[in-house]
Structures are given as C-alpha cells and as structure tokens.
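These protein sequence lines map, in sequence, to chains A and U.
Under the numbering used here, think of the first position of the first sequence as 1, with each following residue one higher.
Under the numbering used here, think of the first position of the second sequence as 656, with each following residue one higher.
Think of the hints as simulated: they come from the structure by calculation, not from any bench.
Here the structure is a predicted model, which means the values were calculated and not measured.
Glycine is no exception: its CB is placed at the ideal position from the N, C-alpha and C atoms.
Please note that a few of the clues may not be correct.
With a Cα cut of at most 25 angstroms, we get these calculated PhoX-like pairs of lysine-lysine [to be verified]: (1) U:K735 with A:K582; (2) A:K404 with A:K217; (3) A:K600 with U:K719; (4) A:K637 with U:K719; (5) U:K730 with A:K582; (6) A:K459 with U:K730; (7) A:K582 with A:K637; (8) U:K672 with A:K600; (9) U:K730 with A:K589; (10) A:K589 with U:K672; (11) A:K319 with U:K730; (12) A:K376 with U:K672.
Here chain U is said to cover these stretches of chain A; the calculated rule only asks that three of the stretch's residues, wherever they fall, bring their Cβ under 8 angstroms from a Cβ of chain U [stated by the list, open to error]: (13) 449-461; (14) 591-602.
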Amino acid sequence: MTMRALTRQEIETLERQGCSAEAWGTVRVTDGFDPLRVRHTMFAGTVDIGRLDGTFPDAGDGVRRVPGIRDARLQDVRVGDGCYISGVRGGLVNLDIGAQVLIENVGLVVCVGETTFGNGHEIAVFNEGGGRELRMTDRTSAQIAYLSVMYRDQAELIKQLNHLADRCAAQRKASTASIGEGALIRNVNEIRNVRIGAYARIDGATRLLEGTVDSSKQAPSTVGTGVIAEHFIIQQGVSVTDGALVGASLVGEGSRVGKQFSCENTAMFANCEGFHSEACSWFAGPYSVTHHRSTLMIAACTSFYNAGSGTNQSNHMYKLGPLHQGIMERGSKTGSFSYLLWPSRVGAFTAVMGKHYANFDTSDFPFSYINEEGGKSTLTPGMNFFTVGTLRDGEKWPARDRRKSADKLDQLIFDVLSPYTAQKMIRGSRLLQELGDAAERSAEYVTCRGIQIKRLLLKTCRRYYALALEKYFGDVLVARFEANAGKGLREVLKPAAAGEPGTGEWLDVCGLLCRKSRLDRLVADLTAGRIASQEDLLAAFKVIHAAYREDAWNWCLASYREITGRDLAAEPAEGVKAFLEKWKQASHKLLNMVAGDAQKEFEGATRTGFGIDGNGDADFVAVRGAFETNKFVRKLKDDGNKVDQRFDAVVNRLV
Amino acid sequence: MASTLERIKKVTADLLKVDASKVVESARFVEDLGAESVQSIELVASFEEAFDIEMDEDAALAVKTVGDAVRFIDKVLAGK
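Turn these sequences into a full structure, and let the hints guide you.
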C-alpha cells in the first residue's frame, strides 16, 4: 500500500465523527480512503489504513456489513484494504492486519514485546518427566517430531534439529503480530502475541496467548467458543472449538479438537481428533483419535489409533516421578476402560482389552488381541488381522484425510499390510515357532516378552501370519503388474532400479513407512549439518515418501527369496501363476473370515434388547438391517469379485 | 476309543469350563456354551490338537454347534 498523510479536511471529518489521535501526523491512509467510514476510534502511535470502500463479504452470519472502523482503539497498527473493525473494548496494538479482515466485539488483540508466536517453544511430549522435549514450530511435521523425540541418544542430531527449529522461530520473531487476509476475529476476550493466518476464523475464544493459528484459503483453521490456548501451534485446516484447553501443545494439519478436550505438552499430527478427553505428554501421531470423557492419554506414542471410552494409562509409579512412557504402534485400539501400565509396547494393529499391569512388548506380533484373563495379560497373535475393524480402518483413513493444503507437512503411508507389518509377522512367526518347540505339551501358557500366549494357539497364530503374508506378497505383485500396464513379465518382475535393495529393516516414522537405510542417510545428513532448514528437511522426507512403492517391491522380492528360496524376479510364467493362485486363495479366505466376523454382528447376543415388547428379530432387522444386504457385507462380496477380476487380468498377461 | 462326540464334549467342557452334560449336539458354542471370540479359535486349536488334524480357518467358521463340529471333524478324519 502506498500511504499518505491525512488531509486537513479528512482530520476534521474524523474528529466530527468522534475520532481522536495522539498525533494525526502518524496516521496515514491510502488514496481512496473514505473518512466517513471511521467513527469513534482512537489512534495512537503509527497507524496505516487502507481503502475502506465497497462492501464486506458475507461473514456467514447474515449480517450485512460495509468496511470501516468503529468504536475501536488502534495503536501501531496497519489495517489492510476493506477491513471491518467494530467494537474493540480494549485495543488493537502492534498488529499487521491483512485485507478484508473482520474484527468485531473483541477485548484485546495485542502483540507485546518480541515474540516467536509459539515457535521454538519446548514441550515435554511423550515423557512427562522430560528428556524428549520437542521444540515445536508451525512447520513441525510428524516425521520431524519423531526424530526430535525418539532419537535422543544422538546428541548432535538433536542439536541440529533444535538449530533448525530455532532458525524457523527466529524467522517468525517479531514485535508485530500479523492477521492474515480474510481472517475473522469475533467475540474474543484476549489475543496476545498470536499470529493468525489467512482466512482463520477465531469466533468466541476466551484467551489465546503466545501462539500461531496457521491458516490459508485452501485450509482455513477455526478457533471457536470458549477455547483457552497458551504456548501453542495450530497448523492449517485445524478446528479447535467448544471449550478446548490447549496448553504447550501442537495441533497438526486437519486435526479437530473440542468438546472440552484438554491437552498439555501434547503434539497431535495430521487428522487427529480430541474430544472430551484429557491428554498429557501425548505424542499423537497421525489419525490418533479420542472421543470420550474419562479417557486419559498420558505419555503415549500412537498413530492411526482409536481410544475407547475410559482408556487410561499410568506413567507414574510414585517413585522417581512420571517417567514412564509407552508405545502403541500404528493401527492400535484400546477398548472401553482399558488400562495400560507403562512402560509397554503394543504391536501394530492390535486391540487392547481389559486392564494390564504387566510391562510387555508385543511389537513383533502385529494384528493381535491383548486380553486380560483373571488379571493376566494374554496375547493372541494375528487374530486382529481378519476382523471387520482392521479392514474398515485401512479403507477409511485415506478417505478421511481432511488436509486441504497443497503443501502437506506429514508424509503418510496408509497401507495396513506393508513391509513394516510383514517383517514383523515374519519375526513373530519365527518366535511362535521357537516358543512352540520349547513348550511342554502340558503347559497352558508360554510367556514371551512379558505377555502370555496360550500354547494351543501358537500354531494357529502362525497360520494367521502365513495367510497374511501370502496375501501381502500377492497384493504387491498384482499391484506391480497393474502399475506396469503393457510391459512384459520380465520387465514387471525385475527389481526397481531406484529402490533400496535387500531385506533391510523398515521403520514407521510416525506415519511414514520407510527403509531404515533411507532414514539413516537422512539422519547422517542432518547430523553433518547438510540440511539447512526445516523446509529442506520436509523436502527430504517427501523424497523418502516417494520411494515407498519401489522400496517395498524390492523388499518383497528379497524377502520372498529368503523365505521360500525362490527368485520371483526370475520365476517363469507358470510359477507366477501358481504364486497368484495362492494370493487369490488367501484373499478369498481373508474375505470369508472378515465376513464371518461381520456375521457375529447379526446373530445371537447382538440381538439382545431388540424388540422391547416382542418381535425382536423384526425390530433388529428394521434397525440394523439383514446380514446379506448390509453395505459392508456387500462390499466384501464386491471385493471378492475384484480379486477374481484382478487375478484373471494378470494371468491373461502371462499367456 | 471314545467317539468324536465324546472327545469333542471333553475338549469343549474343559476349555469353556462348562458341565459336559450341556455339551450336546444341538448346543451352540457361542450362545449356549458361552464361547467368546478368542475362545472360538482356542476351540479350533484344541480340536486340532486332540484329533491331530488341521482345520481350515474360514471353513471352521461355519461350525456353529457341537453337531457341526462332529460332522466337520469326521469329514477331516475321513480324508486323512
């Protein structure tokens, strides 16, 4: 904006309309400024005002407004074109207000002294006792946080990560707070030292101190009624509403928080949800969800996680303080009123039911049930592989990605079956074999890493893993054919040139599945100072993300060779067909087992309580529908048909 | 040697901790004998061990009653 001083006539008009200034000489305006649009306003310090003509866009409440400034006190403020400012009881101080911003019926919106707007603030995530502090910024991704929180033994790496966070914070440092274009701030008591992004909607918040509400036209953020937030980062496309308390926390892209949820020292990444519950030092990886009152998430690391009502953990043994922590790997769930005594580590896609006082590690047994039997923690490996819930989860996550920004921070791989879970099933199968070989036939249970497994189930659970692996290897092969349409057999089956070779380890870097070797190289680059900014680090994770499919293919080739002794890449057409037959069989078997699990929702005890005065079955069908016509069940049938179609399409290419 | 039904009765009564007299051919494992989901797969594993057989997972899902189990296991034994 090109600014000019007020004319004598404009000053007289302003004064006639109840305006005053410490010094009119420091109030500047743009050409086209209409003094009739400013009433009962006090100016102090340097104030720049843009054009206030035209009409104001609909703020969604049906009230017609025209741009202008009324009943306000502005001190050292720049006001962009077309703003509507009305009813500022305290003042607007040290602000850079973008175009078409609405500020109405507010107390204080101020910036006092220099601030980084929550950037660089350290939060004691994952371990409440400290030692894993995350220096958060508005560019902190799940992967950056993972390295910062989990790799504490690498002092130089942590130093570099903190340096990058500090650089970002330094770039944000200012003594003026910006309010981005198109933002709406209404009915707010106090906003102090908060940067507000474009098109953010702050409506009814109680107090916001020292933070960032990142927002954009594509991915606007909302802060709603009764919210109190201090030392916080709210990333793009976030909704924080209805009495939420956010203290020293990061709320990641597309997340939703509200209904009196409270969190402190918590980092929630992409598409998390927090309602009613309490969170303390929760490292909530992408898609971590808690919806119920009485749930406490404490000192837990989760991702793709769902907390049942009354879920609880303990991180304190009343000895040296709240030092314990626990990991629930991706896809885990905790049932109603489940309890875990940290430290423990729960394997991927595992359902935890009951109360657990043992400290166990089931990380090599994905897709399991953890139950409490008479006070004892028991594990049923692989049982959660063929449940309705696991299949539905795998489909719903990508469909529920609320992130609208083109520049997404978190890099996510949604696959339920992946080299990450497959490598664990391979290890788990070996462990089950060893446990079975060593167990006495008279033993009811065997113990493995702090948890008990029914001896009888060792063989059965190994079969579950074998089924899952057959399904996974086939899925990858079929997808490889489909991604290489028109190519011949040898071309399709050859190792990916750009992929990492061999059967090396895979990691889940807070939602990003990747070869450990790739992360090791990135860590080396970081440690050596070869990554200059958080933006460069975000870009490096994007490269790793892009390599997933190729790396997974190479891993499958190498693992298949290791397990079976056969080289799939050199397999003749007949061998590939036999391999695909096994995949088809495993896929149908899985679908049948899932259908069997779904059927339980339609029979026996699930009908209890239907038909309060008789006609139980009719009432059940009226409310819940019939098994055969259920949407999910029909989809399973469709999935079965698709398996056959995909099988036929690939086999036809082998001829 | 005890009949398939008698052996199934013993395995089921031991595992589900129910009176063997309740384990009759018409008894449903879930509704009548109280088998929970994990116990259902334990039953399959117990039958496998008791009869030295392997039961196909999805086919075993169709086994709802004690009588179903007798027929299923007899068929598997006949095919051995």
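Here's how the hints hold up against the structure:
1. U:K735 with A:K582: holds, 22 angstroms
2. A:K404 with A:K217: Measuring from Cα to Cα gives roughly 10 angstroms; hence the hint holds.
3. A:K600 with U:K719: Roughly 11 angstroms separates the two Cα atoms, so the pair holds.
4. A:K637 with U:K719: This hinted pair holds, its Cα atoms lying about 22 angstroms apart.
5. U:K730 with A:K582: holds, 24 angstroms
6. A:K459 with U:K730: Satisfied, since the Cα-Cα distance of roughly 21 angstroms is no more than 25 angstroms.
7. A:K582 with A:K637: holds, 19 angstroms
8. U:K672 with A:K600: holds, 22 angstroms
9. U:K730 with A:K589: holds, 20 angstroms
10. A:K589 with U:K672: Roughly 31 angstroms separates the two Cα atoms, so the pair is violated.
11. A:K319 with U:K730: With Cα atoms ~60 angstroms apart, K319 (chain A) and K730 (chain U) exceed 25 angstroms; violated.
12. A:K376 with U:K672: Since the Cα atoms of K376 (chain A) and K672 (chain U) sit roughly 18 angstroms apart, the hinted pair holds (cutoff 25 angstroms).
13. 449-461: holds (count 5)
14. 591-602: holds (count 4)
Consistency note: the structure conflicts with the earlier hints numbered 10 and 11.
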